[in-house]
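Top to bottom, those sequences are chains A and B.
When you line the first sequence up against our numbering, it's residues 1 to 246, in that order.
When you line the second sequence up against our numbering, it's residues 1 to 400, in that order.
Take the hints with a grain of salt, since some may be wrong.
[As the list claims (entries may be wrong)] Think about it this way: if two alpha-carbon atoms lie no more than 25 Å apart in a straight line, the pair counts; the simulated SDA-like pairs of lysine to any residue are:
id, chain 1, residue 1, chain 2, residue 2
1, A, Lys112, B, Ile186
2, A, Lys161, A, Arg15
3, B, Lys165, A, Gln90
4, A, Lys112, B, Ile187
[Unchecked claim] What follows is a list of derived Cβ distance ranges for each label pair:
id, chain 1, residue 1, chain 2, residue 2, range
5, A, His13, B, Arg178, 52 to 58 Å
6, A, Gly72, B, Glu110, 30 to 36 Å
7, A, Glu140, B, Gly66, 42 to 48 Å
Rather than coming from a laboratory, the hints here were simulated on the basis of the structure.
Yeah, the Cβ is synthetic: ideal placement off N, Cα and C, and Gly gets one too.
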Amino acid sequence: MSTMPIVQIRNLHKRFGRIHALNDVSLDVERGEVVVIIGPSGSGKSTLLRCINRLETPTSGSISIDGVEIRGDERQINQMRAEVGMVFQQFNLFPHMTVTENIILGPMTVHKWDRERAVATAHSLLTKVGIPEKADAYPEQLSGGQQQRVAIARSLAMEPKIMLFDEPTSALDPEMIKEVLDVMLDLAREGMTMIVVSHEMGFARAAAKRIVFMDQGQIIEVTTPELLFTAPQHERTKRFLSQILH
Amino acid sequence: MKSVESHTVKSAPHLHGWQQDDSALIPRERSLLIAWWIAIILAMVFIIGATVLKPDPYWEIVQFIGDGLVVTFQITIVSMTLALILGLIAGLGRTATNPAFNTLASLYVEVIRGIPLLAQLFWIYYAMSRFIRLGPEVSAVLGLTICYGAYIGETFRGGIQSIPKGQMEAARALGLTRGQAMRYVIIPQAVRVILPPVGNEFIAMLKDSSLVSVLAISDMLRRGREYASRTFAYFETYTLVALVYLLVTLIFSRVVFYIEQGMSRQNKEQPVTLMHRLAGGVVDLVVLDFIGLIVYGLIQAIGAVIPLASPYLVLLVVMVLLGAVYVLFFWTRAGRTPGMMAVGLRLTDGEGAHPTLSQAFRRLLFLILPLPGLSLLWMLWSSTGEPLHDRFARTHIIRD
Numbered sequence: 001m002s003t004m005p006i007v008q009i010r011n012l013h014k015r016f017g018r019i020h021a022l023n024d025v026s027l028d029v030e031r032g033e034v035v036v037i038i039g040p041s042g043s044g045k046s047t048l049l050r051c052i053n054r055l056e057t058p059t060s061g062s063i064s065i066d067g068v069e070i071r072g073d074e075r076q077i078n079q080m081r082a083e084v085g086m087v088f089q090q091f092n093l094f095p096h097m098t099v100t101e102n103i104i105l106g107p108m109t110v111h112k113w114d115r116e117r118a119v120a121t122a123h124s125l126l127t128k129v130g131i132p133e134k135a136d137a138y139p140e141q142l143s144g145g146q147q148q149r150v151a152i153a154r155s156l157a158m159e160p161k162i163m164l165f166d167e168p169t170s171a172l173d174p175e176m177i178k179e180v181l182d183v184m185l186d187l188a189r190e191g192m193t194m195i196v197v198s199h200e201m202g203f204a205r206a207a208a209k210r211i212v213f214m215d216q217g218q219i220i221e222v223t224t225p226e227l228l229f230t231a232p233q234h235e236r237t238k239r240f241l242s243q244i245l246h
Numbered sequence: 001m002k003s004v005e006s007h008t009v010k011s012a013p014h015l016h017g018w019q020q021d022d023s024a025l026i027p028r029e030r031s032l033l034i035a036w037w038i039a040i041i042l043a044m045v046f047i048i049g050a051t052v053l054k055p056d057p058y059w060e061i062v063q064f065i066g067d068g069l070v071v072t073f074q075i076t077i078v079s080m081t082l083a084l085i086l087g088l089i090a091g092l093g094r095t096a097t098n099p100a101f102n103t104l105a106s107l108y109v110e111v112i113r114g115i116p117l118l119a120q121l122f123w124i125y126y127a128m129s130r131f132i133r134l135g136p137e138v139s140a141v142l143g144l145t146i147c148y149g150a151y152i153g154e155t156f157r158g159g160i161q162s163i164p165k166g167q168m169e170a171a172r173a174l175g176l177t178r179g180q181a182m183r184y185v186i187i188p189q190a191v192r193v194i195l196p197p198v199g200n201e202f203i204a205m206l207k208d209s210s211l212v213s214v215l216a217i218s219d220m221l222r223r224g225r226e227y228a229s230r231t232f233a234y235f236e237t238y239t240l241v242a243l244v245y246l247l248v249t250l251i252f253s254r255v256v257f258y259i260e261q262g263m264s265r266q267n268k269e270q271p272v273t274l275m276h277r278l279a280g281g282v283v284d285l286v287v288l289d290f291i292g293l294i295v296y297g298l299i300q301a302i303g304a305v306i307p308l309a310s311p312y313l314v315l316l317v318v319m320v321l322l323g324a325v326y327v328l329f330f331w332t333r334a335g336r337t338p339g340m341m342a343v344g345l346r347l348t349d350g351e352g353a354h355p356t357l358s359q360a361f362r363r364l365l366f367l368i369l370p371l372p373g374l375s376l377l378w379m380l381w382s383s384t385g386e387p388l389h390d391r392f393a394r395t396h397i398i399r400d
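Please construct the entire structure, taking both the sequences and the accompanying hints into account.
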């Protein structure tokens, strides 16, 4: 069981009307592995991520998480989502709740934890992401970087097996990117399985075991960070790299 | 007043993203406020002046249409409460993914919005009597509820859809079901968007309730008509009726304004003015009035089975008890009555702190006005045991 890939994606297709957002995508992610997905906008990176936790329903193909194939049924999907954390580009914190309330909502409603346990977890997670003093603040009182760190803590509170990051630093001011990446690096070192859509090459180099390059709904190339920069295999990869690494 | 206004402008950029406030760029709030003061002072000066200087017929008219104002309030408050429930169902239906529920809700909204309220009232009272005979009060409440349920449903739909898509996604990504996401994440946020337009619907309903006078219900307009048709004092009566409607509407429009303001300053310590407190008091008044009406109805129902010594004494005792519960609520909820919460106020600093004795006492003074529910007070005062129509006969005989 433990040698099996924790995420298995087989022949995944996703169509939005006439647009073929994902075209026959297959990918395995090992337990504890950090995979970074790069590619031009509209290449299907986010769609792939959103298919994994079923925020999008695939048109065809299969996804198995921890050996269980995910089908349409609501209960199974909710159960799976409790084990797969997701961090969004726009943070999506709940603005009417304090930071602590944001974090304890999931564990208390889904895992049925009592309030005491959930709050204790929330506080230790806030310490971990470096903002214990913001426990009673409201999201609007936080900077973008702080909000994103709360969002990561909110996902971690569910004690997920896998974390998905959908461009977690794209909406941040440059000076706040590092504080979020540092939290993600710590997480990677602790052995969390992470699938990250991001163009932060520094992070990719430091944490990623593999890099997936996508274009036009297809996986063009799967490589390591070193090989990506020294010896990209495909013409499209080269062109993309030259665009982002000016 | 000045400090509050400057604060409003200053806090504007810190509002939540979807509550953008451009009052700093367009200074129309101030001129609206001035217009409001002019209108309310003129209305009050005329009503009070005419009543004092020319009690015949104005004081008599005030007494006469006062009974009607109570009926107007009662019908509005009951219909509004039911319309809110119906509107919530319709609004959830309009945003539901279930196609049957969605179509049903949309059908209701489309059909009802396409028929004038007056036509609906006629239809329910007269046309439906072929199948089932409903009393005028039931017809009136049913008509207002069904009509406003559709409008409020649309308001709810707009409020729910104004919440960014990412909120639902974030909640679902945590493993919450759609229902849980609605309950904990979407609806609490939507309420803040919805409350001001719902307040405006309440004001609109208060005015539209004058339409039920065609169903032989003695609301304010009909009481005025009854008086005018017997005394031929058309000018005096209808002027007063119009001014009382205006006065009530002006007061409630201001309350809605404060609720709107309160929504955008939740969780912030801000100055509290007398106007804020009064606005909170008016909300409390409406809440208590509604509770009072339910209690009154229950007492009447019990009185029909078990003869009570004096239903009014019982009513008075119940209302005092209710007031006590209200004060207790205020005490335990750290200085917040529903009205205070609606305008976004709390008397004490921090969460869970109890108010000091003097704060509690001051609040108590503000509660004296709305305490037993104004419309019930009027009923206690005006009912000397004889129904409304007898009172008319009496006043009329005196005039003759």
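Hint check results:
1. Lys112/A <-> Ile186/B: 20 Å, holds
2. Lys161/A <-> Arg15/A: The given pair, whose Cα atoms are some 28 Å apart, is violated under the 25 Å limit.
3. Lys165/B <-> Gln90/A: 11 Å, holds
4. Lys112/A <-> Ile187/B: Answer holds: Lys112/A to Ile187/B is near 21 Å, not above 25 Å.
5. His13/A <-> Arg178/B: 52 to 58 Å: At roughly 26 Å between Cβ atoms, Arg178/B and His13/A fall outside 52 to 58 Å, so the hint is violated.
6. Gly72/A <-> Glu110/B: 30 to 36 Å: This hint holds: roughly 32 Å between Cβ atoms.
7. Glu140/A <-> Gly66/B: 42 to 48 Å: At 47 Å between Cβs, range holds.
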